[in-house]
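Full structure from sequences and hints, please.
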Amino acid sequence: MALTPLACVLLLLSMQCYISTLAVILKTANEKPWVNEFESVELSCMIESITTSHPRIEWKKIKNGEPSYVYFEKEIAGDLEKRAKIREPATLVILNATRSDTADYRCEVTAPSDLKSFDEILISLVVRVKPVVPRCSVPKSVPVGKPAELHCVEDEGYPKSQYQWFRNKEEIPEDPKTSPKFLNSTYTLNGEMGTLKFSAVRKEDAGDYYCRARNEAGFSECGPQLMEVYDINIAGIILGVVVVVTVLLCITVGIFCAYKRGYFTSQKQTGNK
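Residues 1 to 273, numbered by the working numbering, are exactly what the sequence shown covers, in order.
Keep in mind the hints are simulated off the structure, nothing from the lab. Cβ atoms here follow ideal geometry from the backbone N, Cα and C, with glycine treated the same way.
Listed below are the simulated DSS-like cross-link pairs for lysine-lysine, each with C-alpha atoms no more than 27 Å apart in a straight line:
(1) 197 to 177
(2) 169 to 197
(3) 181 to 140
(4) 60 to 82
Quick list of simulated restraints, FRET-style, between CB atoms:
(5) 112 to 79: 28 to 34 Å
(6) 42 to 208: 41 to 47 Å
(7) 113 to 75: 22 to 28 Å
(8) 137 to 241: 29 to 35 Å
(9) 87 to 124: 17 to 23 Å
(10) 62 to 140: 48 to 54 Å
What follows is the structure, encoded as structure tokens:
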């Protein structure tokens, strides 16, 4: 007797329902969790369906394509030993996350009594690291109209730090035209590289400069450093050149006159000893 289309659909649904009740199925509350360094984080691995009484649960850490055990034979292993625990039935809790814990983690559950006896779920963990105090370089003094470069760098923060520059405790905008105080300044600010470059400094550019490195985990600042801007004394430079030339000329004339008078002529002594 042929089955009607409705009967076929009902049969397929019932078979699917039957298979699902005999299958291990995992799910997670968050596939891409993040945490600040030295805080705790939960890698959720929940068993949605299973019939096996005592399934085998394993966790593996995958970094640079290389897997290593984190939880094996009911013991925490690897670099998470003494820093992690399992929250029943299969969730991994890292108690004191460090930057080296940034990796992919795979929860694997094997249930021999189930028709579908194996399932796994992949979780990508990011441990955010607060920036350390950046290294700042500020020129001590620059003549008016000359270029100047200020540098700021920090290598510890994760994700990569973004940089802000401040003058006299006021943030320097990326575009000087957006602020009346910086409207006439001729600089370019690179927030990714941490550089502040003046093409021609003005007297108004003098002040205390410091840099802030910031990412999603926090920020750090270097101490303020004074940059002085001074005028070039053209008249003084010309006068100094004239004085030096005059002195050299006098020395030259003196040497010439002494030579003419014979002061540099050697006289040979004659006679018997």
